[in-house]
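Model the placement of chain H on the given structure of chain P, informed by the hints.
Protein chains: 2
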Amino acid sequence: MQTTNFLNELEQVTEYWSPRVVGRVNDQFIKVAKLKGTLAWHQHDDEDELFYIVKGRLVIEYEDSQVELNEGDIHVVPKGIMHNPVAEEECWIALIESVTTKHTGDVVIDKTRSIEEQLGER
Amino acid sequence: MQTTNFLNELEQVTEYWSPRVVGRVNDQFIKVAKLKGTLAWHQHDDEDELFYIVKGRLVIEYEDSQVELNEGDIHVVPKGIMHNPVAEEECWIALIESVTTKHTGDVVIDKTRSIEEQLGER
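Here the protein sequences line up with chains P and H, keeping their order.
Going by numbering that gives the first Met the number 0, the first sequence opens with residue 0, and the numbers climb by one from there.
Going by numbering that gives the first Met the number 0, the second sequence opens with residue 0, and the numbers climb by one from there.
Isolated chain P, as found in the complex (with noise of 0.2 Å):
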C-alpha cells in the first residue's frame, strides 16, 4: 500500500510548469507543480481539470472573464473551455485530471510535458 507525502515531493519540483505525478485514483492522477509565469491558452475537449493552490496566487484566464485563487482554493476547469494560468510570483499547486489528458490539449509548446516526462521522475 503506498503513501506518499505530497508536500515532500512539491518541494523536490525544480522546473516550473512540469507537473510530476504523485498518486493514482481510479483514472484520475493526482500532480503537484511550481507554476511561474504563463503556460499557454488551450483546452482540454474531453476532460475537467481541478487546480488546488497549496502556496501563492494563480488567475486563470477565460477568453471573457477571469478568476483569481489563492492558499485552499479549489478550482474546476471544465473541459472544452478555453484557458491560460498566469502567476505572477511562484506558485505551488495540485492538479487532479484524467490519466488521459494533456498537458497543453493540442497545443505543443517548448513547456509542453508528456505524460511519460511527468511520470518519469518517480
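It is worth saying that the hints were derived from the structure and are not from the lab.
One or more hints might be untrue.
Which copy is meant is left open, because identical chains are indistinguishable; a pair holds if it fits in one copy or across any two.
Here are the simulated DSSO-like cross-link-like pairs (lysine-lysine), alpha carbons at most 30 Å apart as the crow flies [as the list claims (entries may be wrong)]: (1) Lys78 - Lys101; (2) Lys54 - Lys35; (3) Lys110 - Lys78; (4) Lys35 - Lys78; (5) Lys110 - Lys54.
Bear in mind the structure is a predicted one, so any value in this text is a computation, not a measurement.
The following block gives chain H in isolation, referenced to the frame of chain P:
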C-alpha cells in the same frame, strides 16, 4: 466557474465521519471530513479511495497490516481491499473517490452517510 476554499469547507464540518462533497472533477468527488474514533471494516469492490491528511494522524487498518498517515500524506486504498480507518485524536482529511462510491461499502451502520447527505449541506 466555481471556486471553493477547501480549508473553509473543512472548518465548517461539525460531525465526525460525515464527509462533505466540496467539488467534482470528471467522475470523482472531492470530499472533506473530520474523523475521531473508528468507522467500520468495509471495502469498495470497484473503486479506489484516496486519503489526504490535512491535520492530525490516521491509521488505516488492513487485514494483515496497517498504515500510519500523518499531515501531508496521500494514501490510496485499492479497490476490493478490506480496511478500517482509526483516528485516536481528531484528524482532518480530504478524500477523492468515484461518484458511485458508497461511504461504508456494503456495510451499513449508524455512521453511514448517503451520497445525498454528503452533498446536502451545499
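Structure-based check of each hint:
{"no.": "1", "hint": "Lys78 - Lys101", "verdict": "both (12 Å within a copy, 26 Å between copies)"}
{"no.": "2", "hint": "Lys54 - Lys35", "verdict": "both (12 Å within a copy, 28 Å between copies)"}
{"no.": "3", "hint": "Lys110 - Lys78", "verdict": "within (21 Å within a copy, 35 Å between copies)"}
{"no.": "4", "hint": "Lys35 - Lys78", "verdict": "within (24 Å within a copy, 37 Å between copies)"}
{"no.": "5", "hint": "Lys110 - Lys54", "verdict": "within (21 Å within a copy, 34 Å between copies)"}
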